[in-house]
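A.B. asks: Below, each chain spelled out in residue letters.
Protein chains: 2
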Amino acid sequence: MRLRVKEVNLSAGHVLIAILSKEDAKHLDVNANDRIDINGTKVIVNVSSKGVSKGTIGLFEESLKTLKLKPNEFVNVKTSAKPRGIEYIEKKLRGKKLEKEEIERIIQEVVKNELNEAEIAYFISGCYTRGMSDEEIIYLTNAMVKSGKILNTKNKKVLDKHCVGGVPGNRTSMIIAPIVAAAGFVMPKTSTRSITSPSGTADTMETLADVSLTKEKIEKVIKKTNACLVWGGALDLANADQPIIRVERFLMLDIQPILLSSILSKKKSVNAQYVIVDIPIGKTAKIKSKRTANVLKRRFIKIGKLLGMKIKVVITDGSQPVGNGIGPVLEAIDVLNVLRGDGPKDLMDKSIFLATELLDLAGVKHARSKVLNILNSGKAYEKMKEIIKAQGKNVHRLKVGKYFKIIQASKSGIISEIDNERLSKLARILGSPEDKGAGIYLSVKKGYKVKKQQPIFTMYAESKKKLEFALEELDERYPMKIV
Amino acid sequence: MRLRVKEVNLSAGHVLIAILSKEDAKHLDVNANDRIDINGTKVIVNVSSKGVSKGTIGLFEESLKTLKLKPNEFVNVKTSAKPRGIEYIEKKLRGKKLEKEEIERIIQEVVKNELNEAEIAYFISGCYTRGMSDEEIIYLTNAMVKSGKILNTKNKKVLDKHCVGGVPGNRTSMIIAPIVAAAGFVMPKTSTRSITSPSGTADTMETLADVSLTKEKIEKVIKKTNACLVWGGALDLANADQPIIRVERFLMLDIQPILLSSILSKKKSVNAQYVIVDIPIGKTAKIKSKRTANVLKRRFIKIGKLLGMKIKVVITDGSQPVGNGIGPVLEAIDVLNVLRGDGPKDLMDKSIFLATELLDLAGVKHARSKVLNILNSGKAYEKMKEIIKAQGKNVHRLKVGKYFKIIQASKSGIISEIDNERLSKLARILGSPEDKGAGIYLSVKKGYKVKKQQPIFTMYAESKKKLEFALEELDERYPMKIV
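Read top to bottom, the protein sequences are chains A and B.
The letter at position 373 of the first sequence is residue 1508 when you use the working numbering, and the numbering goes up by one with no holes.
The letter at position 233 of the second sequence is residue 1368 when you use the working numbering, and the numbering goes up by one with no holes.
Please keep in mind that the hints were generated in silico from the structure rather than gathered at the bench.
Keep in mind the model is a prediction, meaning the values are calculated, not measured.
Please note that the accuracy of each hint is not assured.
Which copy? The list can't say, so a pair holds if one copy fits it or any two copies do.
Stated by the list, open to error - Once the Cα atoms are required to be at most 25 angstroms apart in a straight line, the calculated PhoX-like pairs of lysine-lysine come out as: (1) K1586 - K1217; (2) K1141 - K1157; (3) K1247 - K1580; (4) K1418 - K1231; (5) K1177 - K1141; (6) K1534 - K1161; (7) K1185 - K1200; (8) K1185 - K1205; (9) K1425 - K1540.
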């Protein structure tokens, strides 16, 4: 059937969708969510009584690009079988183990946007409720690696670090990477931008340097400096990861096999050989129980080994933010202070600990004194400046928001609890991470003794309105407890 | 935040979606698939870089209707927590039993279109992989009943019949309903239209009478004739059923708890007290194994009892079509012939068997001779004419498609297999169910001895093109096997 292409002036998210008139859909014998074939690509059908008339096919801008079509062009449209991956998703839901080829097929179809969100949800459900064997996770990880590019690190010794997240601040990567690089190893650190947190490592690094680098540029930066601190999303590493994580986020469940594959595939895509994984646990962190952390730890190590990576997992305190700053600029200030030998003690201690464990894992003798030496001699700070220069210094200035409010203790006592989630929410309302200078700077941590009216934290915003919104939120949900 | 309403000239399917500009989404701190609150209703966010500018909110026609809004009106938009049902969906996925209130909440949110398709898929996955207890199915069934209207049957003895489907032809309901009504009982038969089959009972009945009747009109028809044969979709029975079934159909799995609740809720919504359930099994039928059929049978009876319904389940032969006609008009011809005491023997025998079982279940003595008497005396045929008159005679004429092709046996032998799925596909290509006169008329059934070039079936179409398409399909996939 030949149809005229009509551009639909909307974005459809990521899935490939074609809008057909009721008449043409009937003629093709397709219903909503069936598939049609356009030039060999399977596209999901949407049937509309409006906007698209008989003889035309509505396509969103992204779909036009993917399908290499132009408005008013004529295309041949055929009915098409459902993606074969659906069959394997059903198999997983029935509780059967999937073969390598089956998982590869699913991942290929995810990358080609041939599966809709409900179908991806079925896949995630199958992985979650039926669990996945180590082999299946390896197949999934390798399929994800295959779905994207692989960083060329020229056979150097590559070290990496990952934190499963959920703790505000906690910008240890920006301290560890320069240390590792200064020690003579390669650390190609790719990070995420924040989705629900006040800042991701990529957001914070962006206050100092460009982070949206191409693969080629990153390889140059690494060649020059031994390290990078970039946004992983600008690369095409483990592409299949993104649509899956997007649908996974509809729930608050930790889907372990997905978590493992997602992290390990990104490490494999940069050729990491030695990886330290940080699992902070705490009531308001991502991982809440020691038991879950331990299960995850064992699997990380075992599957990592099968994938050719030496992994060490450390379970750390996630009961409060690490460092004082929350929000891109405020966190960057903490990081630079630590690299200059100053800065929040908890952030410095944790960074030294993780860097030591990582070098030790890579076979470095007397790792701790080496790390301390690199940090105290200023070599790490120098390395960071090199990295910033190589990535391209950013126009962003380290300027905190001009509207601020110092929050004082409502009574004398001891800080008994700090709520990560509430602090994150507050920082986001203040404007983080888009408003780089917005966020929170903590003056106290858990266990601190405070006097009534002593400043406990400061809220920064780049607009008066956002500061007001944050103050309203603060009235409703207070992020600290004084007893 | 106040935004101006913009109508988006497309249909969004069923889910309530609002399209925000990137800027406004940032300001509200919402991402795609988060929820916003518009006049107390939760609406799913879609963020678009095109089509919707800052300060406006894009809404599809259906959403405008649901939210009672007009283009260019200003609305207050607030961020909103995710629907609470998601928490219970997670609970089910974790393998926990759901409480009555939790299932009710999920169903309410399904009906209000607050859950997106992926979230519904997660719910279905939970029900499938973790299973549901009898209590949970009862909660689900009652929640579905509550989600729609209930037919008023004035405390009469209500009998009903359901077939789980998958066998072409098989229009027994149109024979059983008049028999039951003539026997003095009420049978308010609501049926589906075809989605993937060549014809549903509603499609076939539509060749004889109106089937899209309002609840009030149906109640009048029943008062007058004791029965009806209508399309259930025009009523609002068990509303939550539709979105769930839609998402379930993305897979080919039989999700038993959903199947049970879906069927039982519709029976409860018409106040059925005695129900016969027909489960045809066969290699190319919906239910393929005796084991699955037996599990389903036990649960139907048990749960039906707990819901106050007396249910009898019969497992029948689903290895080939029942009757000779496949397609609305061709099936209607079979039905009328059986009611006049003629017609395909298998359709007649099965209808007599099911009607007998149903009357017997309702306590009728000598049910079989009563059924035979009603049929042979012409009372059933007279009752059918009454029902057609009461529902409103339709303009459709019982005219088969004017293009036809008689298919002959390619060799002499015995018909050893008839493939339901291939016949269905063929009939749909010929134009069923939209082209009422299109379809297939079988001249032979399994076990028949045929000579080479003896006619085995006839294909009818209302357009020459469709007949040609069907002939091409026939070349590729032949629906009968001769040995």
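A.B. asks: All the hints need checking, so say for each whether the structure fits it.
C.D. replies: We went through each hint and held it up to the structure:
Proximity of K1586 and K1217 under a CA criterion of 25 angstroms is satisfied in neither setting, with 66 angstroms inside one chain copy and 39 angstroms between copies. For the homomeric pair K1141 and K1157, the shortest alpha-carbon distances inside one copy (16 angstroms) and between copies (24 angstroms) are both at most 25 angstroms. In this homomeric assembly, K1247 and K1580 never come within 25 angstroms of each other (Cα to Cα): the closest approach is 47 angstroms inside a single copy and 44 angstroms across copies. Within a single copy, K1418 and K1231 get their C-alpha atoms only as close as 35 angstroms, which misses the 25 angstroms cut-off; across copies the closest is 22 angstroms, which meets it.
In this assembly of identical chains, the alpha carbons of K1177 and K1141 lie at most 25 angstroms apart only when taken from the same copy (18 angstroms versus 31 angstroms across copies). For the homomeric pair K1534 and K1161, the shortest alpha-carbon distance between copies (21 angstroms) is at most 25 angstroms, but the shortest distance inside one copy (60 angstroms) is not. For the homomeric pair K1185 and K1200, the shortest alpha-carbon distances inside one copy (23 angstroms) and between copies (15 angstroms) are both at most 25 angstroms. In this assembly of identical chains, the alpha carbons of K1185 and K1205 lie at most 25 angstroms apart whether taken from the same copy (21 angstroms) or from different copies (17 angstroms).
Taking the shortest alpha-carbon separations for K1425 and K1540, neither the intra-copy value of 37 angstroms nor the inter-copy value of 71 angstroms comes in at or below 25 angstroms.
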